[in-house]
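Colleague: If you're matching them up, the sequences are chains A, L and Y in order.
Take the first sequence: its position 34, counted from the start at 1, is 26 in this note's numbering, and no numbers get skipped.
Counting from 1 along the second sequence, just add 1429 to a position and that's the residue number in this note's numbering.
Counting from 1 along the third sequence, just add 6 to a position and that's the residue number in this note's numbering.
Check each hint, because a few of them may be wrong.
As the list claims (entries may be wrong) - Mimicking DSS-like on lysine-lysine, the simulated pairs with C-alpha atoms at most 25 Å apart in a straight line are:
#, chain 1, residue 1, chain 2, residue 2
1, A, Lys277, L, Lys1938
2, A, Lys277, A, Lys221
3, L, Lys1938, Y, Lys65
4, Y, Lys65, L, Lys1638
5, A, Lys145, Y, Lys104
6, L, Lys1578, A, Lys31
7, L, Lys1656, L, Lys1638
8, A, Lys168, A, Lys145
9, A, Lys145, A, Lys279
10, Y, Lys54, A, Lys145
11, A, Lys440, A, Lys385
12, L, Lys1485, L, Lys1496
13, L, Lys1682, L, Lys1578
14, L, Lys1849, Y, Lys65
15, L, Lys1758, A, Lys50
As the list claims (entries may be wrong) - Covered stretches of chain L, going by a simulated chain A footprint (3 or more residues, C-beta under 8 Å):
#, region
16, 1557 to 1567
17, 1705 to 1718
18, 1786 to 1792
Stated by the list, open to error - Some chain L residues flagged as far from chain A (calculated, every beta-carbon gap over 10 Å):
#, residue
19, Met1430
20, Thr1453
21, Ala1610
22, Pro1643
23, Ala1748
24, Pro1749
25, Ala1765
26, Thr1856
27, Glu1909
28, Asp1915
If you are wondering where the hints come from, they were derived from the structure by calculation, not from laboratory data.
We put the beta carbon where it would ideally sit given N, CA and C, even for glycine.
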Amino acid sequence: MRYLPLTDIDRSAMLDVVGASSIDDLFVDVPAEARLSAKIAGLPDHASELAVERHMGKLARQNLSAGDAPFFLGAGAYRHHVPASVDHLIQRGEFLTAYTPYQPEIAQGTLQVLFEFQTQVARLFGCDVANASMYDGSTACWEAIGMARRITKRGKALLSNGLHPHYVSVARTMAKFTGDDLVYRTPECDGESDGVELLREIDRDTSCVVVQYPDILGRISDLSSIAEKAHEAGALLIVVVTEPVALGALKSPGEMGADIVVGEGQSIGVGLQFGGPYLGLFACKSKYVRQMPGRLCGETVDAAGQRGFVLTLSTREQHIRREKATSNICTNSGLCALAFSIHMTLLGEAGLRELAEINHARACEAADILSAVPGVRLLNESFFNEFTLVLSKDAREVARTLAERGILGGVSLGRLMPDAPELANGLIVAVTEMTTSEDIRALADALKEVLA
Amino acid sequence: MTMLKEGRPTAPAHVNKEHPDPATATGNRALMLEEPLIFEIGSTETTGVDFTPVDKPASRLGGLERKRSIGLPGLSEQETVRHYTRLSRQNYAIDLGLFPLGSCTMKHNPRLNEKVARMPGFADIHPLAPVATVQGALAVIHELAEWLKTLTGMAAVAMSPKAGAHGELCGLLAIRAALEARGDARSVILVPESAHGTNPATAAFCGYKVEDIPATPDGRVDLAALKARLGPDVAAVMITNPNTCGLFERDMKAISDAVHAAGALVYCDGANFNAIVGRVRPGDLGVDAMHINLHKTFSTPHGGGGPGSGPVVLSEALAPYAPLPFVEKLADGSFALVEEETAGEHHAGSFGRMVAFHGQMGMFTRALTYILSHGADGLRQVSGDAVLNANYILRSLDSVLDAPFGGSGPCMHEALFSDKGLAEGFTTLDIAKGLIDEGFHPMTMYFPLVVHGAMLIEPTETESKAALDQFIMALRSLAERAKAGDEALKGAPYHAPRRRLDETLAARKPVLVWIEEALAEAAE
Amino acid sequence: MSRYFTDEHEWIDVEGEIATVGITDYAQEQLGDIVFVELPAEGATFEKGDDAAVVESVKAASDVYAPISGEVVESNGALEDEPALVNSDPEEDGWFFKLRITDASELEGLMNEKAYKAFVAGL
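Excised from the complex, chain A in its bound form (with noise of 0.2 Å):
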């Protein structure tokens, strides 16, 4: 077998040493009844390289690719151009096969790119610090309201009807073994989010608000007098950023006041890879550092003074504080943040602008071209690349009946909440440098017809 390098001349000679006649005799320790005599029934041997490749080929090609058809999902994940260079650069062996950096005397490659990944996160979200990387944006989300109730000591959480409607529902689960009390409402069909609510309810009971920005629909406020009365009442304000391409053109949420900032880092570098692996990205205010979930990279010096860095405040984590640990994350997204940080990198700050523009440009024109078929109205006054239209029909149907022609339409409403009937007819619509102008025809053609 062509990954197993010991032969039956190495196996004799080492049992020989070891004093066990075979490898079975080896596996005394199993009860006899729980050990299985030969291989499992009913499952396949092993097979070529050609075998699995041509297998594993023809369950891929049953898939409609994004690369395949007019694409406009979005709603969390997004398609983007990633440089060859990228994938190239993940893929040496020195990365891929690398543990998490314990070792720091030989695993620097690792830890430096940490430590420059931790800093353009920290930036891109006007934060002090960031972490080494979390599992995704809805983890990283739950994961900073757990930080927002250490630090405040409260347990009411204020969620935006603006935030993913997944995002919600991980924070249910596990408020619910917590005992977290999560404030959320459905959010209506209109082109204003719910500032005014939030303003109204944040008391000297919560903890923290979750907002989303740009939000699940697209929109896009602005944060800053949410975070004033959060801060005169004593709680955090917590932003969370699905699509990070988007503060290439918009505000930080640091400068608007945000106590954390959370996100999903896939759209940079990394693919849509039906969702996951993904990265989440996460940040603070400096002053809040040790309640971070999460590892973290620091600078340091080794004993020959030379500059070093080495995973650091590693009390915080669950491996030494067992069942004091800030959370329960251990191993994160390391390839991912890879991804992210080299992507970054080859955009610099004047191509993350440049990419950004773009995608806006894109989105305004696609706007206007879907809004004038007629069925379809256009529900933002403001959105960065993603935005949502209300149709004539349920969006569910109207999505599926698209896809059967080709056309990767957008993702329903109705789909993320099917307890909200009120929402069915809302289709979110992601547009980025991918698309073309004949995407955007094709789609408002093909929409003409099914909501005719």
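Go by the hints and put chains L and Y onto chain A.
Modeller: This is chains L and Y only, laid out in the frame that chain A set:
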């Protein structure tokens, strides 16, 4: 004759003994190149990406246009490739050599897995695409789920957890949901002393009180003590099997039976599944929930700290509480995605959603590729060779290093040694750092906590006998040096990109982001 | 002023109704380089044995228990910037917090310096 005397010398000159390792002007050491931070070499105006220009319409950003600079440096493509290539060479990796980190299962990562994960049909599909357009992706999740169920002998599997610790959380949430569904609030989880730190952390996160179970002198769970502690307040017992001392818990079935008789459930930490895959089904041992680290047993790359993937297999008792979403195969052979929109009453018991989408698809494709490459016969050989390699190391070194449980029969996939017998002032850390100079990644040190100065060595099945022999020779030499009190060992490593790093300084004055020196000085 | 010691390696100086609490030289030596100290807020009240502070080295975090019941009247702010004080001067400048004692009878049964030294010698 012609006498051509020009040209370069062709034999080395005499060695300069006074300066065998002279300093260089750059700080570089030939192939080992120092690399500054991107913030020191890049600029906000430099970019490695070109775009096709478009007409810029009036902004509709709600008046929130960014005005301040972000401070993100860019590099050209050439500089970018060089920056990360140089950094990569400061890392140790499986691709370079043996990586015997106990409990981490650092085995070879087949490159076919990488190729498959990058097929556009897997890499370039959106998690919210209409299910009719992603039937192949759902087929992968289903096919992998069937393999995991069969290999573990369990009824169901939750695929969405993102890593091992996240899988533990999933398992305990299912246990809590099941107990609550029968109106049986229980408050305590029992965890052996030798457990991974994640176990008590996860239990505490789920709102449980954690109590230790003692171990017997031979390194296993004390069954009598466990039985004595079981009662109506115990919700579950978390066991690692094979355990972190590298031993199989012989009494596992008896433990499960006792736990079940007391109305509690059994969680098994599956971090060490590589030792038994294809030979033992945890379902046959009475396990109710077990996470499987796809990045360990099924060889998805560790990537310098993730991404991982931690599917959780569940018994009949826990299956109804599995998290959303999951994949179901329909009668017509097509696949459905059960999520909020489609869950309905049939799955009303689900404890909810743990992540935004469907879990680590990129790891599923790699793990399934790995499994299909090995097949039922190959996976059985995997665990066999992994255990043989560990025992070979144990028996080749137990004459020079103390093996605290070496007398209690063969080990499983990892060999455990202690620092007993080293010279005064010499520690496990010195041996570990010495291994770096010998060209190996150190073993897991100081874990499990129940053994003083523990050295936990997991070679995995993908090491050749020649590689093992060289490792054994190196470790033998280091053990002898540490026993003889060779002071030079305390300075190791000497040949790595950095010497021992000052972790105290890093923790006392945390510098977690790069700040321009001028700014940093102004702030002081 | 009298100084008491606990078997959890804390020292207590009692002056009137105020008790100053720190960890012993033996404790700091065992913990190694201290990198962070988390102190209780003024006004916090503790029962004897409650977790009152956390002291961290690079690799471990240890809880410091309230050796007697009381209300925190002051914490040693100097430790926030200079946790190394716990290593360099554990039994003077490296004090942790001051308590207003609620039940002086709890001091009975604690060790004096001589008894503590004997206790440590036996470990």
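Colleague: Hint by hint, say whether it matches the structure.
Modeller: Hints and how they fare:
1. A/Lys277 x L/Lys1938: 16 Å, holds
2. A/Lys277 x A/Lys221: 18 Å, holds
3. L/Lys1938 x Y/Lys65: 16 Å, holds
4. Y/Lys65 x L/Lys1638: Holds: lysine 65 of chain Y and lysine 1638 of chain L sit about 24 Å apart, inside 25 Å.
5. A/Lys145 x Y/Lys104: Distance of about 23 Å is within 25 Å: holds.
6. L/Lys1578 x A/Lys31: 15 Å, holds
7. L/Lys1656 x L/Lys1638: 18 Å, holds
8. A/Lys168 x A/Lys145: 18 Å, holds
9. A/Lys145 x A/Lys279: 16 Å, holds
10. Y/Lys54 x A/Lys145: Between lysine 54 of chain Y and lysine 145 of chain A the Cα gap is close to 22 Å, so the pair holds against 25 Å.
11. A/Lys440 x A/Lys385: 12 Å, holds
12. L/Lys1485 x L/Lys1496: The hint holds at about 17 Å.
13. L/Lys1682 x L/Lys1578: 19 Å, holds
14. L/Lys1849 x Y/Lys65: 21 Å, holds
15. L/Lys1758 x A/Lys50: The hint holds at about 18 Å.
16. 1557 to 1567: Three-residue rule met by the region 1557 to 1567 of chain L, so holds; n is 9.
17. 1705 to 1718: Since three or more residues must qualify, the claim that chain A covers the region 1705 to 1718 of chain L holds, with 7 doing so at under 8 Å.
18. 1786 to 1792: It holds, with 7 qualifying residues against the three required.
19. Met1430: Label holds. Min Cβ-Cβ 53 Å, cutoff 10 Å.
20. Thr1453: Threonine 1453 of chain L is indeed farther than 10 Å from all Cβ atoms of chain A, at 13 Å.
21. Ala1610: 13 Å, holds
22. Pro1643: 16 Å, holds
23. Ala1748: At roughly 17 Å from the nearest Cβ of chain A, alanine 1748 of chain L sits farther out than 10 Å, so the non-interface label holds.
24. Pro1749: 16 Å, holds
25. Ala1765: Check passes; 13 Å lies beyond 10 Å.
26. Thr1856: 15 Å, holds
27. Glu1909: 19 Å, holds
28. Asp1915: Its Cβ never comes within 10 Å of chain A, the nearest being 18 Å, so this holds.
When the structure is compared with the earlier hints, no violation turns up for any of them.
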